[in-house]
Amino acid sequence: ELKVEQNPLFLSMQEGKNYTIYCNYSTTSDRLYWYRQDPGKSLESLFVLLSNGAVKQEGRLMASLDTKARLSTLHITAAVHDLSATYFCAVDISGGSNYKLTFGKGTLLTVNP
Amino acid sequence: SQTIHQWPATLVQPVGSPLSLECTVEGTSNPNLYWYRQAAGRGLQLLFYSVGIGQISSEVPQNLSASRPQDRQFILSSKKLLLSDSGFYLCAWSFRDRGPYSNQPQHFGDGTRLSIL
Chain A
1 ELKVEQNPLF LSMQEGKNYT IYCNYSTTSD RLYWYRQDPG KSLESLFVLL SNGAVKQEGR
61 LMASLDTKAR LSTLHITAAV HDLSATYFCA VDISGGSNYK LTFGKGTLLT VNP
Chain B
1 SQTIHQWPAT LVQPVGSPLS LECTVEGTSN PNLYWYRQAA GRGLQLLFYS VGIGQISSEV
61 PQNLSASRPQ DRQFILSSKK LLLSDSGFYL CAWSFRDRGP YSNQPQHFGD GTRLSIL
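Sequence order for the protein chains is A and B.
The letter at position 25 of the first sequence is residue 25 when you use the numbering used here, and the numbering goes up by one with no holes.
The letter at position 94 of the second sequence is residue 94 when you use the numbering used here, and the numbering goes up by one with no holes.
It cannot be assumed that every hint is accurate.
If you only want the chain B side, here are some residues facing chain A, beta carbon under 7 Å, derived [claimed, not checked]:
{"id": "1", "residue": "A40"}
{"id": "2", "residue": "L44"}
{"id": "3", "residue": "P105"}
{"id": "4", "residue": "G111"}
Computed spacing ranges between beta-carbons, pair by pair [what the hints assert, rightly or not]:
{"id": "5", "chain 1": "A", "residue 1": "A69", "chain 2": "B", "residue 2": "G16", "range": "44 to 54 Å"}
{"id": "6", "chain 1": "A", "residue 1": "T77", "chain 2": "B", "residue 2": "Q70", "range": "42 to 52 Å"}
{"id": "7", "chain 1": "A", "residue 1": "G59", "chain 2": "B", "residue 2": "E26", "range": "24 to 34 Å"}
Chain B residues, not near chain A, derived (Cβ > 12 Å throughout) [unchecked claim]:
{"id": "8", "residue": "Q38"}
{"id": "9", "residue": "Q70"}
{"id": "10", "residue": "K80"}
{"id": "11", "residue": "D85"}
{"id": "12", "residue": "R113"}
For the record, the hints were derived by calculation from the structure and aren't laboratory data.
Each residue gets a CB set at the ideal place from its N, CA and C atoms; glycine is no exception.
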């Protein structure tokens with residue numbers, strides 16, 4: 001059974017600081033996804049990481065994937081209040097056209113002024 | 001472009017009553033469709049997915065069922081709701097043909113918040 005573990009589950013940051021969220025998964029996969037969820041809202045796709053060594057950046061967020069270590073990171077640079085949300089990683093282990101995602105439990109990020 | 005519609009946005013139902021949540025996708029054909037539930041405390045649980053009309057795979061045995069009567073329509077149902085069915089229900093879609101869309105994620109609807117009294 002695929003397990004996806006995120007840590008930390010809760011993260012309180014000061015504005016302007018840097019931090020990293022980690023996502024470990026237990027089964028070989030070459031696709032990993034990061035989503036953001038604002039309170040009471042749906043999930044918004046942030047990044048799709050397709051291969052070992054993939055790195056993607058959008059604004060203050062940068063995601064990377066190490067398939068050999070089965071590890072993805074979401075790095076936050078110079079955090080601002082607008083980044084406060086819950087961040088999920090998800091792993092896809094299905095092949096072909098029949099794909100399913102297994103999600104981590106999410107990291108609740110709070111950025112304080 | 002593609003859009004996903006999910007309704008109702010909120011629903012309050014008594015225990016033992018039936019349920020029907022609907023999801024439709026526009027702007028694409030033959031999508032994969034998914035139903036997730038998110039209980040208080042955030043984790044997402046995949047309930048059902050479908051790769052075609054009438055083709056439903058259940059991930060978790062429960063009090064719910066799903067149907068796909070049309071290519072871009074996905075329905076979540078229950079004959080008798082339980083208190084434990086409360087939660088935030090999310091419908092999602094993805095391209096079925098992964099080749100040219102390999103960099104595409106699953107796209108989520110706005111969700112239905114279901115409260116059972």
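Now the hints, each set against the structure:
For B:A40, the shortest C-beta to C-beta distance to chain A is roughly 12 Å, which exceeds 7 Å, and the interface hint is violated. Taking 7 Å as the C-beta contact cut-off toward chain A, the hint placing B:L44 at the interface holds, the least distance being around 4 Å. A distance limit of 7 Å between C-beta atoms decides the matter here; for B:P105 the minimum to chain A is near 4 Å, and the interface restraint holds. Interface restraint check for B:G111: the shortest CB-CB distance to chain A comes to about 5 Å, inside 7 Å, so the restraint holds.
Distance hint check for A:A69 and B:G16: the Cβ-Cβ separation is about 49 Å, which falls inside the suggested range of 44 to 54 Å. The hinted window of 42 to 52 Å between A:T77 and B:Q70 holds, with their beta carbons roughly 45 Å apart. Take A:G59 and B:E26: their Cβ atoms lie about 29 Å apart, and the range 24 to 34 Å holds. Residue placement check: B:Q38 does not keep its beta carbon more than 12 Å from all beta carbons of chain A (closest about 9 Å).
Every C-beta of chain A lies more than 12 Å from that of B:Q70, the closest at about 19 Å, which supports listing it as non-interface. Chain A leaves B:K80 outside its interface by the beta-carbon criterion, the shortest separation being 27 Å against a cut-off of 12 Å. Chain A leaves B:D85 outside its interface by the beta-carbon criterion, the shortest separation being 19 Å against a cut-off of 12 Å. Listed as a non-interface residue, B:R113 fails to keep its Cβ farther than 12 Å from every Cβ of chain A; the least gap is roughly 8 Å.
Checked against the numbered hints above, the structure breaks hints 1, 8, 12 and satisfies the rest.
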